[in-house]
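Undergrad: Residues per chain are reported as follows:
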Amino acid sequence: MNKISERQIYFFLACIAPVAKLIVMPARLAGYCGNDLWLPALFQFAVQSLAVFCALLLAKRGKSLYDLLADRTGTIFAKIVVLLVGAFLLFAGILPLLEQKLFVQGVFYDTLPSILSFAPFFLFLAYLCSKPLASYGRVFDLLAPIALVGLAGVLLFSVGNADYGAILPVGASGARGLLKGTAYSFAWFYDSALLLMMLGKFDYKKGMAWKGAVCYLAGGAAVVFFLVVFYGIFGGTAVNQFFAFTKTSKYFSGFTVLGRVDYLFIFLLSLASSFYTALPVSGAIESIVQAFGQKKYLPTLLSVFLAAGYFLLTYLLDFRFGDVMRAIAEQAFYLFPAFALLLPPLLLFLLIGGKHETA
Amino acid sequence: MKLHKFLKTVPMKLYLILLAVILFSFFSNDFGLVDIQKTAIILAAGVDKTEEGFSLTSQIAVPKGSDRAQGGTSSVNITTQGETVSDCVTALFGKTGWVPKLVFCDLIVLGEEAAKEDVISYLNYFLRNEYMPDNCLLAVCEGKAEKLITSTSAIDDASSLAIEKLFSDAAEKSGKVMTNTLKDFAIDYYDVGKSSYLPYVKMSPQKGAIPGGDSVGSGSAGGSGGSGGSESEEQIYTAEETALFAEGKMVGKLPAEQTLALSLLEGNVLAGTFNAKEKGKPVTLTVVRNSGGVSLDMKGAPTAKLTVDVTCRLCCRGTTAPIEDISSDAVSPEILEDAKNVLKGYIEGLWNTCKEAKCDVLELKRKLYRSSLKKYEEWEEFLLTSVRPDISADVKSMK
Chain A
0 MNKISERQIY FFLACIAPVA KLIVMPARLA GYCGNDLWLP ALFQFAVQSL AVFCALLLAK
60 RGKSLYDLLA DRTGTIFAKI VVLLVGAFLL FAGILPLLEQ KLFVQGVFYD TLPSILSFAP
120 FFLFLAYLCS KPLASYGRVF DLLAPIALVG LAGVLLFSVG NADYGAILPV GASGARGLLK
180 GTAYSFAWFY DSALLLMMLG KFDYKKGMAW KGAVCYLAGG AAVVFFLVVF YGIFGGTAVN
240 QFFAFTKTSK YFSGFTVLGR VDYLFIFLLS LASSFYTALP VSGAIESIVQ AFGQKKYLPT
300 LLSVFLAAGY FLLTYLLDFR FGDVMRAIAE QAFYLFPAFA LLLPPLLLFL LIGGKHETA
Chain B
0 MKLHKFLKTV PMKLYLILLA VILFSFFSND FGLVDIQKTA IILAAGVDKT EEGFSLTSQI
60 AVPKGSDRAQ GGTSSVNITT QGETVSDCVT ALFGKTGWVP KLVFCDLIVL GEEAAKEDVI
120 SYLNYFLRNE YMPDNCLLAV CEGKAEKLIT STSAIDDASS LAIEKLFSDA AEKSGKVMTN
180 TLKDFAIDYY DVGKSSYLPY VKMSPQKGAI PGGDSVGSGS AGGSGGSGGS ESEEQIYTAE
240 ETALFAEGKM VGKLPAEQTL ALSLLEGNVL AGTFNAKEKG KPVTLTVVRN SGGVSLDMKG
300 APTAKLTVDV TCRLCCRGTT APIEDISSDA VSPEILEDAK NVLKGYIEGL WNTCKEAKCD
360 VLELKRKLYR SSLKKYEEWE EFLLTSVRPD ISADVKSMK
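For the record, the sequence lines run as chains A and B. Under numbering that gives the first Met the number 0, think of the first position of the first sequence as 0, with each following residue one higher. Under numbering that gives the first Met the number 0, think of the first position of the second sequence as 0, with each following residue one higher.
Next up, chain A with everything else stripped away, as it sits in the complex (with noise of 0.2 Å):
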């Protein structure tokens, strides 16, 4: 089977990660922790670099994160644990496709359309997520430049329209404000979680482990000096900027005589999001296929399985994406960092003794 290769793999942690936290994700930190915002960011951006190198550590043996936990627990506990972190990326997905959905509807129409006109979308998810998570490699590579020059196109037409003083004084918001905004944006940092399935689909190469802690590092700094011009644009009204990366770059004076062409842009942000948005079902899916091991229909039937749900539960969740955020990011904030945080070091813990233990 085809790998996915370690360029593909930088592409990924520098280009396509970033672009899932600049639809809502602005505006909830503009909400938690006014001009502080770009503050939660950049310290989530810099821990959670560090469990992608250990993320990437764990890719040393060549082994899928079943095997490596099988290898030095047995199958049980290997199987739990797998299935928990699938359990989880699926709780994790909810809120960046309902992003996605608010994200077409709100941008795309200009009357609130039916949720019918969203759900595409989901063939869409179905037919991605039954092809095997390696086969992201070469979406990684396709997607990479998509995202990078949508995002590059969007800063370029939003820079000189930012009030860059708007973000002084440094520590407004104070320690509540500050602490508000890193608990409540962990939902969406859960990347290392994303490459621990991963794990066995692509080779360690030397290096590797900090390389892609720098290439995150590169993608983050990007979102947090998006942040900055976003709040420098918007000020005090930043917290109702939703789908912040669409509404950035409209002020350019030049679009008088040009037309919308950030719009481009825009589109190929969100083209890559819609790629990011299906990145945990697949990762859920590699997790029971891991666990049970591979089926011929397997993929294919939980991917239908998957989608079909999400659907149902887009369709239940329709008008209260507030709620389900506040679920989310507020109440269950805990479960990001156990998992995205904690989990990838806890497992190079263990390994390295599994490491002892076999020499």
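These aren't lab readings, by the way, just hints derived from the structure by calculation. Any given hint could be a false lead.
Unchecked claim - Taking lysine-lysine and the DSS-like style, the derived pairs with C-alpha atoms no more than 27 Å apart in a straight line are:
no. : chain 1 : residue 1 : chain 2 : residue 2
1   : B       : Lys252    : B       : Lys115
2   : B       : Lys374    : B       : Lys278
3   : B       : Lys276    : B       : Lys193
4   : A       : Lys179    : B       : Lys373
5   : B       : Lys175    : B       : Lys276
6   : A       : Lys204    : B       : Lys12
7   : A       : Lys249    : B       : Lys164
8   : A       : Lys78     : A       : Lys294
9   : B       : Lys164    : B       : Lys201
10  : A       : Lys295    : B       : Lys374
11  : B       : Lys374    : A       : Lys179
12  : B       : Lys193    : A       : Lys249
13  : A       : Lys249    : B       : Lys172
14  : A       : Lys179    : B       : Lys201
15  : B       : Lys164    : B       : Lys252
16  : B       : Lys100    : A       : Lys249
17  : B       : Lys201    : B       : Lys304
Add chain B to chain A, keeping to what the hints say.
TA: Relative to chain A, chain B alone:
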């Protein structure tokens, strides 16, 4: 079999590109096509206060048919009432069957009475509306907004289009008008200073127009279901005055010269003009370069430094002049000295008006907040009343 073989040779990239194209088309919403038979494309909205709540006058673009010779924009004005602005918009749908579409709304005019209340109490409808462009222009008008919106413009088919011309980039650079948008007004409102400004629009009858006559190119129709009809007399509009807002309420008005002073302080002016005197005779100067700023010095007693730097050329004398004088752009030292005093006077007037209105349109609180949170907390209450101005104007001649 052959087909299967062919499909195997098609690279994955092509599938993905095809998928991207399909997704692009899917997300494009038919590239924004609008069924104009079912939609009320609102060009401008006017909000007035009524006893029950609000009245909203919507200027709606209507198709002109196939008569290409006529051209221009045809519009109809409809006034609706309700307890909230949202009620008014819903009533518009109820009265016409058109789905109100605010995505092309480029102007919101507030009636003078409505502006004396906290305007966010009704502007919040537009801020909440995801389909409303928040960079639409915002203005206050003398009297009722309904009267302004339903008036017949002497210069354009629709009154809103004529008013928007007053807010063009060129007009703003002339220093004669201070424009503002919904977004920027809201940012100022929710900022520490809670102060902002809006252009103040007045209308006056165009001399020579025939009252009730059929004016060429006028496409405004009377309001259906609303109070008051259209003004049949052709009107021209001005927005040289600027309304000051504090905590969302209109608290004062800057006359034309103070509007120019505010523009100069923001460094906006290019090709704007103002008058000075030479030997008691009027001289018009054109600003060719302008920089300005307001800074706050908190060492000792708080001082606001208001600085305007202007380079100008002679534009016109109010007296006869020899050809040698006409061929020169240079400004004499006497005029420069007077121009400096004129600008200082304008800025001083601006300062006094703002102070009287307790309006922080010069953003002193914002400056203090950004530079020192501690000092801001100390001075928050008293800053506007205790700060002293230090005004300097430098006028240079173009060489």
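Undergrad: All the hints need checking, so say for each whether the structure fits it.
TA: Here is what the structure says about each hint:
no. : hint                : verdict
1   : B:Lys252 x B:Lys115 : holds, 12 Å
2   : B:Lys374 x B:Lys278 : violated, 48 Å
3   : B:Lys276 x B:Lys193 : violated, 38 Å
4   : A:Lys179 x B:Lys373 : holds, 23 Å
5   : B:Lys175 x B:Lys276 : holds, 20 Å
6   : A:Lys204 x B:Lys12  : holds, 26 Å
7   : A:Lys249 x B:Lys164 : holds, 21 Å
8   : A:Lys78 x A:Lys294  : holds, 16 Å
9   : B:Lys164 x B:Lys201 : holds, 14 Å
10  : A:Lys295 x B:Lys374 : violated, 69 Å
11  : B:Lys374 x A:Lys179 : holds, 26 Å
12  : B:Lys193 x A:Lys249 : holds, 25 Å
13  : A:Lys249 x B:Lys172 : holds, 22 Å
14  : A:Lys179 x B:Lys201 : violated, 48 Å
15  : B:Lys164 x B:Lys252 : holds, 21 Å
16  : B:Lys100 x A:Lys249 : holds, 19 Å
17  : B:Lys201 x B:Lys304 : violated, 33 Å
Checked against the numbered hints given earlier, the structure breaks hints 2, 3, 10, 14, 17 and satisfies all the rest.
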